[in-house]
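Protein chains in written order, with the numbering used here: chain A, 1 to 95; chain B, 1 to 331.
Treat the hints as calculated values from the structure; they're not laboratory data.
Be aware that one or more of the hints could be misleading.
EDC-like cross-link-like pairs, simulated, lysine to aspartate or glutamate; straight-line CA separation at most 20 Å [to be verified]:
{"#": "1", "chain 1": "B", "residue 1": "305", "chain 2": "B", "residue 2": "272"}
{"#": "2", "chain 1": "B", "residue 1": "16", "chain 2": "A", "residue 2": "59"}
{"#": "3", "chain 1": "A", "residue 1": "90", "chain 2": "B", "residue 2": "170"}
{"#": "4", "chain 1": "B", "residue 1": "19", "chain 2": "B", "residue 2": "52"}
{"#": "5", "chain 1": "B", "residue 1": "209", "chain 2": "B", "residue 2": "235"}
{"#": "6", "chain 1": "B", "residue 1": "180", "chain 2": "B", "residue 2": "156"}
{"#": "7", "chain 1": "B", "residue 1": "16", "chain 2": "A", "residue 2": "87"}
{"#": "8", "chain 1": "B", "residue 1": "19", "chain 2": "A", "residue 2": "75"}
{"#": "9", "chain 1": "A", "residue 1": "45", "chain 2": "A", "residue 2": "34"}
{"#": "10", "chain 1": "A", "residue 1": "73", "chain 2": "B", "residue 2": "12"}
{"#": "11", "chain 1": "B", "residue 1": "49", "chain 2": "A", "residue 2": "74"}
{"#": "12", "chain 1": "A", "residue 1": "45", "chain 2": "B", "residue 2": "18"}
{"#": "13", "chain 1": "B", "residue 1": "10", "chain 2": "A", "residue 2": "74"}
{"#": "14", "chain 1": "B", "residue 1": "316", "chain 2": "B", "residue 2": "71"}
{"#": "15", "chain 1": "B", "residue 1": "274", "chain 2": "A", "residue 2": "59"}
{"#": "16", "chain 1": "A", "residue 1": "85", "chain 2": "B", "residue 2": "272"}
{"#": "17", "chain 1": "B", "residue 1": "176", "chain 2": "B", "residue 2": "192"}
{"#": "18", "chain 1": "B", "residue 1": "299", "chain 2": "B", "residue 2": "326"}
{"#": "19", "chain 1": "B", "residue 1": "211", "chain 2": "B", "residue 2": "201"}
{"#": "20", "chain 1": "A", "residue 1": "85", "chain 2": "B", "residue 2": "52"}
{"#": "21", "chain 1": "B", "residue 1": "10", "chain 2": "A", "residue 2": "75"}
{"#": "22", "chain 1": "B", "residue 1": "180", "chain 2": "B", "residue 2": "269"}
{"#": "23", "chain 1": "B", "residue 1": "19", "chain 2": "A", "residue 2": "74"}
{"#": "24", "chain 1": "B", "residue 1": "211", "chain 2": "B", "residue 2": "198"}
{"#": "25", "chain 1": "B", "residue 1": "165", "chain 2": "B", "residue 2": "175"}
{"#": "26", "chain 1": "B", "residue 1": "153", "chain 2": "B", "residue 2": "189"}
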Amino acid sequence: MTQLGEGVDVSSFTDEEEEGLFRLRFILLDGNGEAVSGVRFKTVKSGTSADPLHLADGETSFNGMTPVVSRTKDEEVDFFIAWAKLEVNKGFFKV
Amino acid sequence: MSIDLPVTAKNDTNMKAEKVICDCGLLWSLAHQFTYLRLSDETADNEYKLVDLFSARAKRIAATYARFYLETEDGGNPDVLGRYYWMALGAFASKTVGCLLDSFQLNAMYVASKTIPRGLAQGNLWLFTDIAASHWFYNHHRGNFQQGMMCAKNRDVNDLQDTVKSITNDLPWADKSISKINNFKPSSDIIEGFKWVEKIENERNPVQKRKHQLAQLLAIAEHEQGAVLQPLIYENPDFAGWAKIQRSKWVKWMSPNYQLSFSHICEVEDSDLKSNAPNDMQIENYQSRMDWIGQAAEKFHGLMKRKNDYMLQELKTVAGWVDSPDAALVY
């Protein structure tokens, strides 16, 4: 069982659609209800550290969905966007 | 206001999909991230470094503008090729900035002052952040640009997600740029420019379409020159002062000529393929500069009709500079 907060390997989840099974996903939508795809995200068990936050679990699919991020009933999950890190050289000659 | 992350969901329902509704601030954050990552090299997983070389940034910017025009940029739509007409002119303009930054005259001037090259690089970077983000947004979330959540009118650096806002505030010259361009709040000209984009998309009459394209180009040009570059660099007393020195007879011989060539190369012989600024143009003066830009736009517009194959080929060449390399040593 993958423990959220300890590195979620989304590829390890299957995509079962069975009744009575708890499968949690997030879906990113804009104000018109249209999918927001290609967004890198990270999920952790609620309240645990998400650092390093820029290291994503995956990205939202064409329909805005993440893969399954929890299979444990009543588990709470925090969803973050994994924004890229950027280094800017602030040397004297650079700006 | 941007949404608060993280979003927490409880796995308490069979096959639950928790909705995260992205507001304008979050969508603009994605757009901003697109712009600064385009000017960066990936150094590790989801970690990047902004390229240092000003002319490499200018080439990547030119490439991105060309890709938007050609509809080969992320989210582009070849069925509506020609809607981003300003982007084609902008590609040649940013290429020219790269040429100026590389030019011998300017490097010689480097010894005396870095005001001009820094000003050109500053203007190019922040104009790119402003205008490329708008086009990326329109490519991806057209329904929430001028309609829906109307994000075109709801853009403000303070509404970006914290990480993106922090990075934006850390970009070169941010402290003397963002407030001068009104925190990225839209001008009436850019709103008008994108209304012309919609008209171009819907126009089937080729004569009318070309008229719309020129109107789009001029509206965006007024935005970029009046709302961005004028307050950003041309009203900077140091930049304006150096521009005046360049016009003096003692320095003019070694100063670069203001010239826009419609080619991927810096200098072209064929006068049909370039527009020279009038001798009396004052680059720091908005109206003087716009008079020349109007002339250059007319010439560009003619070439896009008479030599369309040539122009598209040149733009495709420029579009190939999207990964233009940084220099090992930047001074």
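Structure-based check of all given hints:
no.	hint	verdict
1	B:305 x B:272	13 Å, holds
2	B:16 x A:59	18 Å, holds
3	A:90 x B:170	9 Å, holds
4	B:19 x B:52	40 Å, violated
5	B:209 x B:235	35 Å, violated
6	B:180 x B:156	13 Å, holds
7	B:16 x A:87	38 Å, violated
8	B:19 x A:75	17 Å, holds
9	A:45 x A:34	27 Å, violated
10	A:73 x B:12	6 Å, holds
11	B:49 x A:74	41 Å, violated
12	A:45 x B:18	15 Å, holds
13	B:10 x A:74	6 Å, holds
14	B:316 x B:71	11 Å, holds
15	B:274 x A:59	45 Å, violated
16	A:85 x B:272	45 Å, violated
17	B:176 x B:192	27 Å, violated
18	B:299 x B:326	33 Å, violated
19	B:211 x B:201	13 Å, holds
20	A:85 x B:52	16 Å, holds
21	B:10 x A:75	6 Å, holds
22	B:180 x B:269	38 Å, violated
23	B:19 x A:74	17 Å, holds
24	B:211 x B:198	13 Å, holds
25	B:165 x B:175	13 Å, holds
26	B:153 x B:189	12 Å, holds
Figure legend: structure checked against the earlier numbered hints; hints not met, in rising order: 4, 5, 7, 9, 11, 15, 16, 17, 18, 22.
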